[in-house]
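J.: The lines below spell out each chain.
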Amino acid sequence: SAVISQKPSRDICQRGTSLTIQCQVDSQVTMMFWYRQQPGQSLTLIATANQGSEATYESGFVIDKFPISRPNLTFSTLTVSNMSPEDSSIYLCSVEGGGGLFYGYTFGSGTRLTVV
Amino acid sequence: AQSVTQPDIHITVSEGASLELRCNYSYGATPYLFWYVQSPGQGLQLLLKYFSGDTLVQGIKGFEAEFKRSQSSFNLRKPSVHWSDAAEYFCAVTSGTYKYIFGTGTRLKVLA
Numbered sequence: 011s012a013v014i015s016q017k018p019s020r021d022i023c024q025r026g027t028s029l030t031i032q033c034q035v036d037s038q039v040t041m042m043f044w045y046r047q048q049p050g051q052s053l054t055l056i057a058t059a060n061q062g063s064e065a066t067y068e069s070g071f072v073i074d075k076f077p078i079s080r081p082n083l084t085f086s087t088l089t090v091s092n093m094s095p096e097d098s099s100i101y102l103c104s105v106e107g108g109g110g111l112f113y114g115y116t117f118g119s120g121t122r123l124t125v126v
Numbered sequence: 002a003q004s005v006t007q008p009d010i011h012i013t014v015s016e017g018a019s020l021e022l023r024c025n026y027s028y029g030a031t032p033y034l035f036w037y038v039q040s041p042g043q044g045l046q047l048l049l050k051y052f053s054g055d056t057l058v059q060g061i062k063g064f065e066a067e068f069k070r071s072q073s074s075f076n077l078r079k080p081s082v083h084w085s086d087a088a089e090y091f092c093a094v095t096s097g098t099y100k101y102i103f104g105t106g107t108r109l110k111v112l113a
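Chains A and B, in that order, are what the protein sequence lines are. Going by this note's numbering, the first residue of the first sequence is number 11, and it counts up by one from there. Going by this note's numbering, the first residue of the second sequence is number 2, and it counts up by one from there.
Extracted from the complex, chain B is given alone in its bound form:
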């Protein structure tokens, strides 16, 4: 069965520091992979997605993610974090149906 693991429940970084949020998935074939962000009191917003092709994908708000098949990972990165990036981040996977499997989320705190 498909699964998504986000090993870090909470991460704290200083403003201006780099960020990497981890996501590991379990799926036999090439999955469709997504990162979403949920700001307090808000719904989820799509940051970026990977289907095929270039394994480094660019998203909104300066985020990028790299698909590494050998490691079954799809980690989210940002070179310099802003205070407004404080939110909860969800990785999700689908095999190609409308049923997405979401990770349990990583809550990001940004220190001024």
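Chain A with its partners taken away, still in its complex shape:
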């Protein structure tokens, strides 16, 4: 299955600033996914990123707040813009684990974001 490198692993940011999270995969993948894991809660899908097209955002998430880039089949970035303390979460990128989307995801190690 794919190996994902995600960085930074953690950051502490001032409110009102932006942070860009990078996700690098060691193989070409069609779809990449960005999740948010808020403290004490489950994972929530933010958006799906396909190379060559605009990301598809889930209900409650908008491009102005979470712009995503997908310049090629192995790389994606998620930016958390104009941050507030409510954005403090773990952000994870993921790709299909091999064998198709119904065979489970492979996840990066996550970015733990604290907004102060």
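No lab work stands behind these hints, which were simulated from the structure alone. As the structure is a computational prediction, the values presented were derived from the model and not from experiment. Be careful, since some hints might not be right.
Pairs of lysine-lysine, BS3-like flavour, derived with a Cα cap of 30 Å [stated by the list, open to error]:
1. B/Lys-100 - B/Lys-62
2. B/Lys-69 - B/Lys-50
3. B/Lys-100 - B/Lys-50
4. A/Lys-75 - B/Lys-100
5. B/Lys-110 - A/Lys-17
6. A/Lys-17 - B/Lys-50
7. B/Lys-110 - B/Lys-69
8. B/Lys-62 - A/Lys-17
9. B/Lys-50 - B/Lys-62
10. B/Lys-100 - B/Lys-69
11. B/Lys-62 - B/Lys-110
12. B/Lys-50 - B/Lys-110
13. B/Lys-100 - A/Lys-17
14. A/Lys-17 - A/Lys-75
Place chain B on chain A using the hints.
T.: Structure of chain B alone, referenced to chain A:
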């Protein structure tokens, strides 16, 4: 709408004891079911999955899970827990799309 419930937020077991983590789902048709583990500071790792066929599925690290349609459950088990199993465990379901619904997780503590 689909949903996943993990009733136990925290579970503590002694090393060598057996383990069962509960997962209940709500979905009309046969779902695709998964268990993931998240060790501290790590991403999620797939333990096992169920699509169809034998309702008892084996996974990595000595874990198994049993799909019980009548109870809408997919409980995770391990006969003998090791200290390295301390982590958070997530159950997930999908109807067959890329959108997975995750449970809120069960945090496992292992006593020496």
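J.: For the pair supplied as a hint, B/Lys-69 and B/Lys-50, is the alpha-carbon distance within the 30 Å limit?
T.: Measuring from Cα to Cα gives roughly 14 Å; hence the hint holds.
J.: Do the alpha carbons of B/Lys-62 and B/Lys-110 lie within 30 Å of each other, as the hint requires?
T.: With a Cα-Cα distance of about 16 Å, the restraint between B/Lys-62 and B/Lys-110 holds, given a limit of 30 Å.
J.: Would you check the hint for A/Lys-17 and B/Lys-50, treating anything up to 30 Å between C-alpha atoms as holding?
T.: Satisfied, since the Cα-Cα distance of roughly 28 Å is no more than 30 Å.
J.: Within 30 Å, alpha carbon to alpha carbon, are B/Lys-50 and B/Lys-62?
T.: Judged against 30 Å, a Cα distance of about 14 Å means the pair holds.
J.: Keeping to a limit of 30 Å between CA atoms, is the pair of A/Lys-17 and A/Lys-75 held or broken?
T.: holds, 19 Å
J.: Please verify whether B/Lys-100 and B/Lys-62 have alpha carbons no more than 30 Å apart.
T.: Given pair B/Lys-100, B/Lys-62 holds - Cα atoms ~26 Å apart, limit 30 Å.
J.: Hint check: B/Lys-50 vs B/Lys-110, CA-CA at most 30 Å. Holds or violated?
T.: With Cα atoms ~23 Å apart, B/Lys-50 and B/Lys-110 stay inside 30 Å; holds.
J.: Compare the distance between the alpha carbons of B/Lys-110 and B/Lys-69 with 30 Å, and conclude whether the hinted pair is satisfied.
T.: holds, 26 Å
J.: Taking only the CA atoms, is the gap from B/Lys-110 to A/Lys-17 under or equal to 30 Å?
T.: holds, 28 Å
J.: For B/Lys-100 and B/Lys-69, compute the direct alpha-carbon distance and say whether it is at most 30 Å.
T.: holds, 22 Å
J.: Within 30 Å, alpha carbon to alpha carbon, are B/Lys-62 and A/Lys-17?
T.: holds, 27 Å
J.: Quickly compare the C-alpha distance for B/Lys-100 and A/Lys-17 to 30 Å and report which way the hint goes.
T.: Judged against 30 Å, a Cα distance of about 24 Å means the pair holds.
When held up to the earlier numbered hints, the structure conflicts with none and fits them all.
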